[in-house]
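Novice: If you're matching them up, the sequences are chains A and B in order.
First residue of the first sequence? That's 1 in my numbering, and the numbers climb one at a time after it.
First residue of the second sequence? That's 1001 in my numbering, and the numbers climb one at a time after it.
One or more hints might be untrue.
As the list claims (entries may be wrong) - Lysine-lysine pairs mimicking DSS-like chemistry, simulated, CA-CA at most 30 Å apart:
no., chain 1, residue 1, chain 2, residue 2
1, B, Lys1065, A, Lys93
2, A, Lys93, A, Lys139
3, B, Lys1084, B, Lys1008
4, A, Lys94, B, Lys1095
5, B, Lys1065, A, Lys62
Note that these hints are calculated values from the structure, not bench results.
Please read these numbers as outputs of a predicted model, since none were measured by experiment.
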Amino acid sequence: MAKAINDFKMNIPSKSVNEGFLRAVVSAFSALSDPTIEEINDIKTAVSEAVTNAIVHGYREKQGRIYIDAAILPDNVLRIKIKDKGEGIEDVKKAMEPLFTTAGDDRSGLGFTVMESFCDKVRVKSVKGKGTVVTLTKKITGKCE
Amino acid sequence: MQTAISDKTLTVYLQGEIDHHTAAAIRNQTDSRILRHSPEELILDFSGVSFMDSSGVGLVIGRYKLALSRNCRTVVTGLRERDKRILMLSGLQNKIEFR
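Just need the whole structure built from these sequences, with the hints factored in.
Specialist: See below:
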């Protein structure tokens, strides 16, 4: 795996009030790589989706912790891992289908679709009963290009 | 969040960041106003929204369904381009009017 040029790790309770805080932290970290406003917004949106999934699906609104591991890799590639130790996903392929949701009510089922449309790569590793790791990768082209 | 009612049109002025956390309060307030005023048209005005993820889509879908069940049409206005892009992933543009 490529060696990180800069990185940070943190973990925080899976409270929905922390969704905005985590977006802000990751966007501040990615700002060190001089992204465009559009790129910052893409990252914020994708992180918000992954963190919401951890809270709603991983922990089913029960208390747990969300683990963030963010790194800037060579060539200005941002990699963000969002991990939970919750329920895990039975069928990752199915979960990633647009409009699929198990939460009902007001969930749109678009979380992974949004992540995929705003990142270069979305990888999901999940073990039933153990938890889920979502890895978002995005090259930051920056303001000078 | 502010709302205005005139001529059977209920306008909801959404503000700030819409995510899973903030959507719950917006949903409750909007639904109670729909039930109280029984409008014929519901306008969701996104002009004051600075951030939205797919929770915003769920918010619109849920209000559209409630409004439809009460013979009320739904209009979405003031969307930024990127938020329109997120809403369009759901195919909602076939059901509601974007102004």
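Novice: The structure should be examined with respect to each hint, and the outcome stated for every one.
Specialist: For each hint, the structure was consulted:
{"no.": "1", "hint": "Lys1065/B x Lys93/A", "in the structure": "28 Å, holds"}
{"no.": "2", "hint": "Lys93/A x Lys139/A", "in the structure": "24 Å, holds"}
{"no.": "3", "hint": "Lys1084/B x Lys1008/B", "in the structure": "26 Å, holds"}
{"no.": "4", "hint": "Lys94/A x Lys1095/B", "in the structure": "25 Å, holds"}
{"no.": "5", "hint": "Lys1065/B x Lys62/A", "in the structure": "28 Å, holds"}
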